[in-house]
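S.K.: Here are the chains, one letter per residue:
Protein chains: 2
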Amino acid sequence: MVGALMKVHVIVMPKQSVLDPQGVAVRNALKDVGLETVESVRVGKFLELEFKTPPSEMKLEEICRDLLSNPVIEDYTIQYHSTAEA
Amino acid sequence: MVGALMKVHVIVMPKQSVLDPQGVAVRNALKDVGLETVESVRVGKFLELEFKTPPSEMKLEEICRDLLSNPVIEDYTIQYHSTAEA
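The listed protein sequences derive, respectively, from chains A and B.
Each residue of the first sequence is one higher than the last, beginning at 35 in the numbering used here.
Each residue of the second sequence is one higher than the last, beginning at 35 in the numbering used here.
A few of these clues could be false.
Here chain A is said to cover these stretches of chain B; the calculated rule only asks that three of the stretch's residues, wherever they fall, bring their Cβ under 8 Å from a Cβ of chain A [what the hints assert, rightly or not]:
#1 39–47
#2 61–67
#3 71–80
#4 83–96
Note that these hints are calculated values from the structure, not bench results.
Each residue gets a CB set at the ideal place from its N, CA and C atoms; glycine is no exception.
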């Protein structure tokens, strides 16, 4: 084992109250190709971070809030994953 | 119960062999704010689809391949979720 990396996934989505034009465009495109049953689509960002040593939860929250998302229009979710081989 | 919606999450990520400049930029930004232990960052798309009636798995695969991702440079993952109240 050369070194285990800790994986953290951060999902950044537009808030429910915020219009998501990219999602609307995808929904319309899906309807156009015959997927009539699609109700709504929202498009966000998916970030896969790998750490040599995991940062504190507080530090990670701070980074998500200040750097990775725009809290005015976006919500974020942090998912911790078990270590992966480097 | 007005109607249950089926949620499907599609994660579209740049392939491992493809350079991800957005990810590199985020990694450098994280290092700049003091998160020295970050090893790599990759940035992809996260799509949340809601269906009134779920499409077939084959149809969904087809849509991910042809519409939601660029198979030359991107990989996709489909996650099925239990029904959510409408």
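S.K.: None of the hints should be skipped; say for each whether it holds.
M.R.: Here is how each hint holds up against the structure:
Under the rule that three or more residues need a Cβ within less than 8 Å of chain A, the assignment of the region 39–47 of chain B holds, with 4 such residues. Remark: the region 61–67 of chain B is confirmed as covered by chain A, as 3 of its residues place a Cβ nearer than 8 Å to a Cβ of that chain, reaching the required three. Against chain A, the region 71–80 of chain B contributes 10 residues with a C-beta closer than 8 Å to a partner C-beta. That satisfies the three-residue criterion, and the hint holds. Proximity of the region 83–96 of chain B to chain A, defined as three or more residues with a beta carbon under 8 Å from a beta carbon of that chain, is established by the 8 residues found.
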